[in-house]
Amino acid sequence: MVMVVRNPIIEKQSKDGKPVVEYQEEELLDKVYSSVLQQCYSMYKLFNGTFLRAMEDGGLKLLKERLEKFFHRYLQTLHLQSCDLLDIFGGISFFPLDKMTYLKIQSFINRVEESLSIVKYTAFLYNDQLIWSGLEQDDMRILYKYLTTSLFPRHIEPELAGRDSPIRAEMPGNLQHYGRFLTGPLNLNDPEAKCRFPKIFVNTDDTYEALHLIVYKAMSAAVCFMIEASVQPTLDFCRRLDSIVGPQLTVLASDICEQFNINKRISGFVLCCVFTLKHLTDLGRVRPSPRWRCDRLGSGVLSVPVVVALSEKEPQFKFIYFNHMNLAEKSTIHMRKTPSVSLTSVHPDLMKILGDINSDFTRVDEDEEIIVKAMSDYWVVGKKSDQRELYVILNQKNANLIEVNEEVKKLCATQFNNIFFLD
Amino acid sequence: MGEEDYYLELCERPVHFEKANPVNCVFFDEANKQVFAVRSGGATGVVVKGPDDRNPISFRMEDKGEVKCIKFSLENKILAVQRTSKTVDFSNFIPDSSQLEYTQECKVLPEKRSLKLLKSQNINVNWYLYCPESAVILLSTTVLGNVLQPFYFRAGTMSKLPKFEIELPAAPKSTKLNLSERDIAMATIYGQLYVLFLRHHSRTSNSTGAEVVLYHLPREGACKKMHILKLSRTGKFALNVVDNLVVVHHQDTETSVIFDIRLRGEFDGTVTLHHPVLPARSIHPYQIPVAGPAPVTSQSPVPCKLYSSSWIVFQPDIIISASQGYLWNLQVKLQPIVNLLPDKGRLMDFLLQRKECKMVILSVCSQMLTESDRATLPVIATVFDKLNQEYKKYLDAEQNYTMAMEAGQSRSSPLLRRPVRTQAVVDQSDMYTHVLSAFTEKKETPHKFVIAVLMEYIRSLNQFQIAVQHYLHELVIKTLVQHNLFYMLHQFLQYHVLSDSKPLACLLLSLESFYPPAHQLSLDMLKRLSTANDEIVEVLLSKHQVLAALRFIRGIGGHDNISARKFLDAAKQTDDHMLFYTIFRFFEQRNQRLRGNPSFTPGEHCEEHVAFFKQVFGDQALMRPATF
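Just so you know, the sequences run in chain order A and B. At position 42 of the first sequence (counting the first as 1) the number is 43 in our numbering, and the numbers step up by one without a gap. At position 399 of the second sequence (counting the first as 1) the number is 1132 in our numbering, and the numbers step up by one without a gap.
No wet-lab data here; the hints were simulated from the structure. Model, not experiment: these values are computed from the prediction. Where hints are given, some of them may not hold.
Lysine to aspartate or glutamate pairs mimicking EDC-like chemistry, simulated, CA-CA at most 20 Å apart [to be verified]:
hint, chain 1, residue 1, chain 2, residue 2
1, B, K958, B, D1001
2, B, K1276, A, E367
3, A, K100, B, E1207
4, B, K1181, A, E137
5, B, K1276, A, D366
6, B, K1181, A, E229
Derived contacts from chain B toward chain A, CB cut-off under 8 Å, selection only [to be verified]:
hint, residue
7, K782
8, T1103
9, D1106
10, A1108
11, L1110
12, P1111
13, I1191
14, V1230
15, D1257
16, R1261
17, A1281
18, R1284
19, F1285
We put the beta carbon where it would ideally sit given N, CA and C, even for glycine.
With the sequences and hints as input, model every part of the structure.
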């Protein structure tokens, strides 16, 4: 596959007044776009299988059809101008969770897989962050990308608009819960409801499995159930899934929310204070909308998005962390992904420096540390320790090199004290 | 009815005595559990057999008329014989000597050969019942006989407990005695004394069948009606209490049922209604061994008639057949119950209260994990939770005891006792040895199920805040590795589900060749342990990451105590001269800082490295001692 990217140009007035076109090849990071290209293929493969398989199935004609159909829509969703370091990593954001709640989730998944035996793999996400993947890492990586940049954002919009109320009408003999299908039938009471789920292809290197992707959500907890493509899920199956998973997932989601808030308070997270909805509206930044609602209604305690909102108050540093081993990524630079665009809170020039540092790291195998002072007087630090990379942007214009080094050490001690990360 | 179906049995070694006949009278003493066979009024011999002592006591006494009752005092020191309704004859019992008797109408002073009246109570008594285990006597008073007056004996004193009334089945028509001693029993169940009343007809007309009403008789406070055991049948019944279970024998059907008052029943606000734990079954058929000379023993044993009308039942667990000359202890067999109680949660509740439960519980656990008999995960989780709740209770008691001991409370509080570890405490090691280890090795079990079960057990332990032993974590890892489920393993470690420990970190290191990220996972774990810094240095050096090792040890402030030779060796092995230079210079600087001289001391054994350094970089590259 080939991707053609045109270098940005600026027109300058030459001495003689004639406009001269100048190519800004430095502005483009090759690695970002080669990563985007690879991602395109992975995404195609997730929904269509390999090129080779299409050729085998129906020759070049079929392959062309599939490519046409897929990329016609997919290309429009790429926002090439805002691609950056995170696209190189293609990482997964993991939801921090205590052991007990994690074990409860394990237990839940195992029980569902036991009672709905056609479920082959399960993935569990909370707040758009991964908690468990039954799929292998590479497949999860691209599925995660699809979920967080395409499927979830599409469903948040109507939620914000308050169009489909998450509280479903009480059905007789059914426990009230907040579960609903993000893929598949919209209304289980409609006997005509279509049980069509997206088909995905995983383990294409060996077993080459085709699966139906069922995404089911209750409050902030989303679960992907993947079932053998040869089995066509019926409306009855969906109803059963809904009745088994819905109530359990609702309870679990509120447990996770509660536990997360407790942990945040204990660990003295950067912004550990608990703000009530009122305070926030006073700040004038957040309007109370379903998205900001705490999962356990009425507690007045808000979860993650609030932290993001408050961190706009310019902390001393922002960072991106990535671990090649488990693809874990963490960024305080990027705002919450929206369906339209991924927003960063720093100047594109700084993002470019991050990309440059990353290219330098790729060239050498050994652990390295690079400290750069940007034109805008920000300090940018890149650290590589074994398979981990950390990029820090410091907002201390008058700091010297030693102070910067100390700041980063402090950051590592607070944020990464439980991993082996060399100072 | 299958062989495995009988859950009650008579003990294997009964007390055998000469059966009752016109010349041989048989008596049973509930206090000492002794059977007296009195032949011809004692003149031709008295044989006394207890359940524990295999050596019967035999003696002769003068025949002074028909013996109505005969008993020993505790420890067999004084023999009491009742021959008339008003007198009791006593004699100090010395084995193998003639007996000299003394008579009294009712404290016995053996040294003076006399008795002393300690206390007297004037009550019209219809009948009495004495429970030796609790030292409580129950007197039936009033015309109907249904007002019971308990007395409690302790250290030679007698205290009166509040009297209470037994509710009779229906309003009595006549004013004659309505409550018979045959329908009342006393027994200790779960450490509490209960009066058991066999009510032949329920008070409520709509329910038929007899029931057993349990009145709790506390040492202090009033007696209270607590439980009703529904028998749902009528006829002749007899009660036993075995292993805290109430056993009700029904003569008409020749079956028995058991009740456990700790199992959940229907609570109506005042009393709890219980139904039999299990379907009614006969006591296990019993064969009477045929005694006789050796040649005759080939004769097959004779089946014993069970539920015979000549059976007499005593509390708590005694059944006597006077006509056959046997005294048995009734026993509960747990293994057959496993198949009779399909609800595993209830089965566990039941088993956990039994004395000899451990091996049965472990076998239930093994059974529910076998492919053919597999329970669902929610059921397995329930069983694990019940086991761990009991396990945690014991751990807490043990911890409280240890803390109290350390705080020196042992002297001030005599009540402080080391908690008893009952068989119901099934710990991780039991589960590992008897259940989980074998379970993970079974080829036919799908690995998904194996992992789900192990995680469920770990979840349950965590839920009860019990520290999980590393061998369980190793079992999880072993299973995951066997099935190449490394990504799953990675995720478990990422969320610290498998707790950090040095053995686990070492196990991970060994997996690096199959799964490279295991190296990082292992180092992270060693780092978190914070007691494994030496191991971290070794791991890094083994990977030729000399600089990383040095930076790590410097980061934790341990660089003044490390061996220069070890690092120089590792640096030399990398064949990277610049690295060797850097490391060498670092130690020269350390020497300078610590001793004021950059050169190595002979004790550091670095001559070889100094020579190598000179060879590569020249003499002039050596650091010069700082001069001031």
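Going through the hints against the structure:
As the CA atoms of K958 (chain B) and D1001 (chain B) are separated by approximately 12 Å, the hinted pair is consistent with the 20 Å bound. The suggested pairing of K1276 (chain B) with E367 (chain A) holds, with an alpha-carbon distance near 12 Å, which does not exceed 20 Å. Taking the CA atoms of K100 (chain A) and E1207 (chain B), the gap is about 17 Å. The hint holds against a cut of 20 Å. For the hint linking K1181 (chain B) to E137 (chain A), the alpha-carbon distance of about 15 Å falls within 20 Å, and the restraint holds.
Our distance criterion of 20 Å between C-alpha atoms is met by K1276 (chain B) and D366 (chain A), whose separation comes to about 14 Å. Restraint check for K1181 (chain B) and E229 (chain A): the C-alpha separation of about 17 Å stays at or below 20 Å, so the hint holds. Look at K782 (chain B): its Cβ only gets to about 57 Å from chain A, farther than 8 Å, so that hint breaks. Because the beta carbon of T1103 (chain B) sits about 16 Å from the nearest beta carbon in chain A, more than 8 Å, this interface hint is broken.
Here the hint on D1106 (chain B) is broken, as its CB sits about 16 Å from the closest CB of chain A, past 8 Å. For the restraint placing A1108 (chain B) at the interface with chain A, the shortest Cβ-Cβ distance is roughly 11 Å, beyond the 8 Å limit, so the hint is violated. Checking L1110 (chain B) against chain A by beta carbon gives a least distance of about 5 Å; that is within 8 Å, so the hint holds. The closest approach between the C-beta of P1111 (chain B) and any C-beta of chain A is roughly 6 Å, which is under the 8 Å cut-off, so the hint is satisfied.
At a threshold of 8 Å, the smallest CB-CB gap from I1191 (chain B) to chain A is about 7 Å, leaving the interface hint in force. Interface hint at V1230 (chain B): satisfied, since its Cβ lies 6 Å from the closest Cβ of chain A, which is below the 8 Å cut-off. Because the smallest distance between the Cβ of D1257 (chain B) and any Cβ of chain A comes to about 5 Å, under 8 Å, the interface hint for this residue holds. For R1261 (chain B), the interface hint holds, since its Cβ comes within 8 Å of a Cβ in chain A; the closest pair sits about 5 Å apart.
With its C-beta approaching chain A no nearer than about 6 Å, A1281 (chain B) sits inside the 8 Å limit, and its interface hint holds. The criterion of a C-beta within 8 Å of any C-beta in chain A is met by R1284 (chain B), whose closest approach is roughly 5 Å, and the hint holds. For F1285 (chain B), the shortest C-beta to C-beta distance to chain A is roughly 6 Å, which falls under 8 Å, so the interface hint holds.
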